[in-house]
Amino acid sequence: MLYWDYAAAAPPFEEVVQTMEQLMRLHYANPSSLHRAGLEAEGLIRRSREVCAVALAVLPQEIRFTSGATESNNLAIKGAALQYEGRGRHMVTTQVEHPSVYESCLQLQRRGWEISFVAPGSSGRVDPARLAAEIRKDTVLVSVMHVNNETGSIQPLEELGRQIKAANHLTLFHVDGVQGYGKLPVELNSWKADLYSLSAHKLRGPRGAGLLYVRDGVKLSPLLSGGSQEQGERAGTENVPAIVAAAKAVRMSGEQRSALTARLLPLRDRLLRFLEQLPELLLNSSMEGAPHIVHFSYPGMKGEVLARKLEELGMIVSTRSACSSRLAEPSRVLLAMGRDHAAATGGIRISLGDSHTEADIEALEQAVKKAVTSLKITEGGRI
Amino acid sequence: MLDEHKRDAAGEGRHNIAYADMLLLRFGEFTLKGKNRARFEKTVLRHVKEMVKPYPKAAITKEFGRIYVELNGEPAAAMAQALKNVFGIASVSPVKAAPSELEAIIAVSRQLLEIIAPLQGTSFKVNARRVWKQFPYGSLEMNKLVSTPVLQGYPGLKVDMNHPDMELRVEIREERTYIFCESIAGVGGFPLGTNGKAMLLLSGGIDSPVAGWSSMRRGLEVECIHFYSFPYTSELARQKVVDLTRVLSQYAGVIKLHLVPFTEVQTAFTGIGQDNLIITLMRRAMLKIATRLAEREGALALVTGESLGQVASQTLPSMNVIGRATQLPLLRPLVMMDKIEIVEQAQLIGTYDLSILPYEDCCTLFVPKSPSTNPNMRIVDKIEATLPEYARLLDEAVEATETVSVTPYGNEKPRPLVSGQSALQEEWF
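As they're listed, the protein sequences go chains A and B. Quick note: the first sequence uses this note's numbering, first residue 1, plus one each step. Quick note: the second sequence uses this note's numbering, first residue 1001, plus one each step.
There's no promise every hint is true.
To be verified - Derived lysine-lysine pairs resembling DSS-like cross-links, with alpha carbons at most 25 Å apart:
hint: 1; chain 1: B; residue 1: Lys1413; chain 2: B; residue 2: Lys1240
hint: 2; chain 1: A; residue 1: Lys165; chain 2: B; residue 2: Lys1049
hint: 3; chain 1: B; residue 1: Lys1125; chain 2: B; residue 2: Lys1096
hint: 4; chain 1: B; residue 1: Lys1057; chain 2: B; residue 2: Lys1084
hint: 5; chain 1: A; residue 1: Lys137; chain 2: B; residue 2: Lys1125
hint: 6; chain 1: B; residue 1: Lys1084; chain 2: B; residue 2: Lys1053
hint: 7; chain 1: B; residue 1: Lys1084; chain 2: A; residue 2: Lys219
hint: 8; chain 1: B; residue 1: Lys1062; chain 2: B; residue 2: Lys1084
hint: 9; chain 1: B; residue 1: Lys1125; chain 2: A; residue 2: Lys165
hint: 10; chain 1: B; residue 1: Lys1096; chain 2: B; residue 2: Lys1158
hint: 11; chain 1: B; residue 1: Lys1133; chain 2: B; residue 2: Lys1062
hint: 12; chain 1: B; residue 1: Lys1096; chain 2: B; residue 2: Lys1049
FYI, nobody ran anything at the bench for these hints, they're computed from the structure.
My request is simple: use the sequences and hints to build the entire structure.
Quick look at the structure:
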């Protein structure tokens, strides 16, 4: 079996597993406790914050630890909404955001907020001028992802940040960085990002841990109230082992980024060129996209049928993002990119990781070829 | 726009200066000094360079009486925040640059005014300065040429040439024109370390960090001394002092912190049957130990956070008896300040939130029911002279003192007082 679903969950670094294990044994004390054990746990969190701050080139007090990117995105969007309601009740986002952003916005919409969902071009990229045109005096926040989790398309964040701030300097800019970190350079300053979400398990860290960068001076209303952890913006006893392990994963994947990208790019390019040649398939990713995501459709064939066939041939792939793969509807992201219903229902995502080799790609190509040919003659697989 | 700006300023308590292309730093009072001026300026420039290090794209140029920091895309607000804390800097102005052409100057001036959005009724004047004499319009002419169109775009403003609420300054230079009207107050004072070195007695309370900052602002280099009485005081209290020193180090780079084990000395005073003098004796012992450390480190004064009348040991008779324990000048920057002023200052420099953490320190221990506000010098002398092995106790405290060098972004920790597994293993990160 070959695993091609790194974008959903990457296997943790061995060092991360070891750190987690040791910390679970040694540091179970509550970091808020006054005794030595609590003080030590608090010191571990403090150090983790510094490590993450260095990796992102920000200040330690600008890092909040959360349970993952879903919480980070929810905290960024709803926390800003609650905090800055006095400035207005309007937000701008795109039609291709991850559900944790998209659904948070819909939730606000049901509570009377106006949300502008900007459509991307056919490549999945959002035109900065088009997005900036939506910004008004009462626009509290703009949320745009770095790399799309289904197609791997990369958003022009620097230009977006520039235009957003030019349109309204009070509008906060939130970047969902989950699929970009560790694969592409992260420059929060030049993006003019005020908020930035990360999830540890996409970076070969532990599950259940993530972070939110909150630019100094920006306040968020807490979604979880209680203790004064994370500057009062996220109550709850900290998960010390997961936080330390997450910091380690953030550091390691940041350090390995350029090497990993250099390895993945030729593999991805080869796969893209191969898929392009199969007349049955429609590519939804391009050479301009992220180095680890390849997405294609088999128009007319349900994605999950193709995925099951590939699994039978020893390839574990995903139908679009794991978060929505159990839904029967066509992909919202692909529809937004202008794909028709048939193509949007037949999507397969292949995401690469550091374990993959030329030989694996070769095997995958053979499997895809076989699956496509065998399904073509099986009428039962058709919709 | 107007309302938002007001709300932003009130809500976040900081200038919204994202528009700036550069920052203009002005020097403080040391420019009044003749001979040493160059040395002072050099020290400030070095300190500024240090603070700009995290922002690699920023470029510094120095001119007579001023420093320019070109932002080149680095964040204006964060940099201004850091630079206004450099000792010797009197003010920081966010500057917008325009090509040195009349039309461009007017356009940028209007743009700047729109961003700043002064309230209706704000009085206003334009103050142009033509450094580049080839520029076709004179300074006075420029005042009119710029103010007329700007005022037309902003009917709420009125002109006041003598005491305007707002002065739009236009400096015309050959390469470009600098336009600015805001000034963020800097901390002022003297460049760090230009007035010698002193030892600061740092308790962990609200006052002593403020005293330390005030001394640093007068150009003193400061080393901190903290007395702890484990197990009566916790390791947390000791860590808190490290953290306080770290805040001070944001203004100074590196600060040495001397941690003096004080339990033996302190408990020696409890058995003498003169409870009302314990505080006096304790404070004297601290000054004696601090004096020895000062001699060792080459410091020429002691600094304390004492403020007249705050507590029993800070009455004039107490201060008299306590102060005689040292030959060194005893500097008390806060001596005439009200508590409320000290608290405000602590909040400004960022030590307050740490200072109010509720850990015991050695000054709040063994406090007698009625400490003497008028101790008798003769009795105090006699007790100290007859206390068995008093000199040896003081020597041992100096001997066992641990020194930690604290940096703004470091993670320095004093040696643990109870042995146990070490908390932080760097390989975990």
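Consistency of the hints with the structure:
Of the pairs offered as hints, the one joining B/Lys1413 and B/Lys1240 holds, with about 10 Å between alpha carbons and a cut-off of 25 Å not exceeded. A hinted pair counts as satisfied when its Cα atoms are at most 25 Å apart, and A/Lys165 with B/Lys1049 does not qualify at roughly 28 Å. Between B/Lys1125 and B/Lys1096, the direct Cα distance comes to roughly 17 Å. Compliance with the 25 Å bound is thereby established for this hinted pair. In summary, the hint linking B/Lys1057 to B/Lys1084 is supported, as the alpha carbons are separated by about 19 Å, within the 25 Å threshold.
For the hint linking A/Lys137 to B/Lys1125, the alpha-carbon distance of about 29 Å lies beyond 25 Å, and the restraint is violated. Annotation: proposed proximity of B/Lys1084 to B/Lys1053 holds, straight-line Cα distance about 15 Å (limit 25 Å). Distance hint between B/Lys1084 and A/Lys219 is fulfilled; the C-alpha atoms sit about 23 Å from each other, no more than 25 Å. Restraint check: the Cα-Cα separation between B/Lys1062 and B/Lys1084 comes to about 16 Å, which is no more than 25 Å; the hinted pair holds.
Taking the CA atoms of B/Lys1125 and A/Lys165, the gap is near 29 Å; set against the 25 Å cutoff, the hint is violated. At most 25 Å may separate the alpha-carbon atoms for a hinted pair to count; B/Lys1096 and B/Lys1158 meet this at roughly 23 Å. Between B/Lys1133 and B/Lys1062 the CA atoms are separated by roughly 21 Å; this keeps the pair inside 25 Å, and the hint holds. A distance of roughly 21 Å separates the Cα atoms of B/Lys1096 and B/Lys1049; the hinted pair therefore holds under the 25 Å criterion.
Violation of the numbered hints given earlier is confined to hints 2, 5 and 9; the remaining hints are satisfied by the structure.
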